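Protein sequence lines, in the order shown, are assigned to chains U and G.
Counting with this note's numbering, you get residues 1 to 256 for the letters of the first sequence.
Counting with this note's numbering, you get residues 1 to 240 for the letters of the second sequence.
Calculated from the structure, these hints are not laboratory results.
No experiment lies behind these values; they were computed from the predicted model shown.
Warning: the hint list may mix true and false statements.
[What the hints assert, rightly or not] Examples of chain U residues lying across from chain G (beta carbon under 10 angstroms, computed):
#, residue
1, Asp157
2, Phe165
3, Leu172
[As the list claims (entries may be wrong)] The calculated label-pair distances, taken between Cβ atoms and stated as ranges, are:
#, chain 1, residue 1, chain 2, residue 2, range
4, U, Gln251, G, Arg177, 35 to 41 angstroms
5, U, Ile79, G, Val179, 25 to 31 angstroms
6, U, Leu239, G, Pro106, 42 to 48 angstroms
7, U, Asn158, G, Ile137, 45 to 51 angstroms
8, G, Ile91, U, Arg252, 32 to 38 angstroms
9, U, Leu254, G, Phe186, 47 to 53 angstroms
10, G, Arg62, U, Ile230, 53 to 59 angstroms
11, U, Lys123, G, Ser143, 43 to 49 angstroms
12, U, Leu254, G, Arg109, 31 to 37 angstroms
[As the list claims (entries may be wrong)] To spell it out: a stretch of chain G is covered by chain U in this simulated footprint if at least three of its residues, at any positions, have a beta carbon under 8 angstroms from a beta carbon of chain U; those stretches are:
#, region
13, 39-52
14, 171-183
Even for Gly, the Cβ is constructed at its ideal location relative to N, Cα and C.
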Amino acid sequence: MASKAVLSQQEKSTASAASGLSWGAVLTVTSGILMLAALYMALIWAPDATNLTAPAERYAQRIFYFHVGSAWLGFLAFIVAAVASILYLVTRRDKWDIWALSSVEIGLAFFTTVIISGSIWAKPTWNVWWTWDPRLTISTICWLLYVGYLMLRGAIDNPDRQARFGAVYALLAGFSVPLNWMAIRWWRTIHPAVIAPGNNADESMGSFGMSANIQTTLLFCVIAFTVFYITLMYHRINLEQLQRRVDTLKQRLLYR
Amino acid sequence: MATDSIPTASTATRGFGGYARKVAAIIGKDITTELRTKEMISAMFVFSLLIIFIFNFAFDLRAENVQTLAPGVLWVAIAFAGMLGLSRSFILERDRGVLDGLLLAPVDRSAIYLGKMIGNVLFISLVEIVILPFFIILFNQPSGTLPLLAGVVFLGSLAFASVGTLFSAMAVHTRAREVLLPIMLFPVIIPAMLAAVRLTSAILDNVPFDEVSQWLALLVAFDVIFIAASFMLFEFVVEE
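Here chain U stands alone, though its shape is the one from the complex:
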């Protein structure tokens, strides 16, 4: 019964696919150009941070643009997932479930990028791959929360239950993130940390002054990543709709 509803919705969406295809192409080309421009600005156009002397630190600092961009995208994706989950629980439309799932998958990929690029930056700057800094810890907890989301969905066969449990979990995980953030910040600020780069920003910890060009580049990267997110969402949602359509058709053939 639920599968029939899915199918009719899919057929509607494919009916509009002829005009929607160009949208996908436009988005893809735009975000491709924007990402290339962001790459150029981050690697060549933006000036070196003035106060960083060691060459390794200067080069590593350029990771910052894509690192911040990915982090922004990651958090945005999770906010979208939480909102889509609420909408799913209220309206029970498959569309919102597809949105939440797509958003979590994309956000997870970008959180992985954030953690890896952060580690690559931290090695020359702080001389360690990893510290238990609040920001690092919260990123990793977010990553774990949403790995849990995908594992939960993966362990359920019934698609309707998958959507419901996924939405409930995404919502509770969303509540947990701000509390985690508060707890981890207090944990570190009360406890004097040996390495506390986020809290007391001083130069020896790899902080740097932001000149106008650095700020422009950062802003441009954030915008480029937002467009990139929209593009990825567009394609992932389409893919998931097609996937569900294939599943429904398979069921139909099997049980005819």
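Position chain G relative to chain U; hints supplied.
Relative to the frame of chain U, chain G by itself:
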């Protein structure tokens, strides 16, 4: 079970008293089951003792580091033992068809959640409050801290069981079943665990309350937020 509750439900469905009676009936059912089998409580008790012993070997606890490690050891023991109890919480219900009976009974879905949750809190905090004297003896802590520690253990168990009961109800419907529960639960309850560990170490080190009052606030806020959220969301979990 379902047939028993129908007459009572029709006479006393309205008002807070009727609701509370339904919740109490579910708690009573869990306590009776537990008293007859004693499976969960004894397993949790022995398991937390074992964890405390294993940490003793693993860290080779000596006098100078025992003060820093003790709160962490206590809370790892509580978290793992609580996980053991929570994963059992809905498995019995599902295997014996009790969950279907409960859902057929004319009670609000949220009453089922509250009943199960309070039952879990009772079992977990009971086991851990029995563990506390052993903890104090084995780690050579001041015994005057016992009442305060029991309070923190209760609040921590509440945080643990609030969202744990909901996730446990979700986990029994998955293929992986109880394997999935810790993966879902631990990242969500990290703030409560941090607050509980901080409060425990403050009690053991005799730190003035003002310095840790924010942690108490965080723990209580966590309890309130997650009990309220799980209370509302439980309906979506058991709906078929």
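### Task
Confirm or reject the claim that G/Arg62 and U/Ile230 have a C-beta distance inside 53 to 59 angstroms.
With a Cβ separation near 57 angstroms, G/Arg62 and U/Ile230 satisfy 53 to 59 angstroms, so the hint holds.
### Task
Return holds or violated for the Cβ distance of U/Asn158 and G/Ile137 against the range 45 to 51 angstroms.
50 angstroms, holds
### Query
Can we keep the U/Asp157 interface hint, with Cβ of chain G closer than 10 angstroms?
7 angstroms, holds
### Query
Taking the least C-beta to C-beta distance, is U/Leu172 closer than 10 angstroms to chain G?
Since the shortest Cβ distance to chain G is 6 angstroms, the answer is holds.
### Message
Quick check: do three or more residues in the region 171-183 of chain G have a beta carbon closer than 8 angstroms to a beta carbon of chain U?
### Response
Holds, because 6 residues of the region 171-183 of chain G bring their Cβ atoms closer than 8 angstroms to Cβ atoms of chain U.
### Task
Take a look at whether the Cβ-Cβ distance between U/Leu254 and G/Phe186 falls inside 47 to 53 angstroms.
Given about 39 angstroms between the Cβ atoms, the range is violated.
### Message
Quick check on a hinted range of 25 to 31 angstroms for U/Ile79 and G/Val179, using CB atoms only.
### Response
The hint (25 to 31 angstroms, Cβ to Cβ) holds, given that U/Ile79 and G/Val179 are roughly 29 angstroms apart.
### Message
Can you tell me whether the CB distance of G/Ile91 to U/Arg252 sits inside 32 to 38 angstroms?
### Response
35 angstroms, holds
### Message
Quick check on a hinted range of 42 to 48 angstroms for U/Leu239 and G/Pro106, using CB atoms only.
### Response
44 angstroms, holds
### Query
Does the hinted range 31 to 37 angstroms hold for U/Leu254 and G/Arg109 at CB?
34 angstroms, holds
#### Entry: Verdict for U/Gln251, G/Arg177 (Cβ pair) under range 35 to 41 angstroms
25 angstroms, violated
### Within 8 angstroms of chain U's CB atoms, at least three CB atoms from the region 39-52 of chain G: coverage verdict
Violated: only 0 residues of the region 39-52 of chain G have a Cβ under 8 angstroms from chain U.
Hint violations for this structure: numbers 4, 9 and 13, all remaining hints satisfied.
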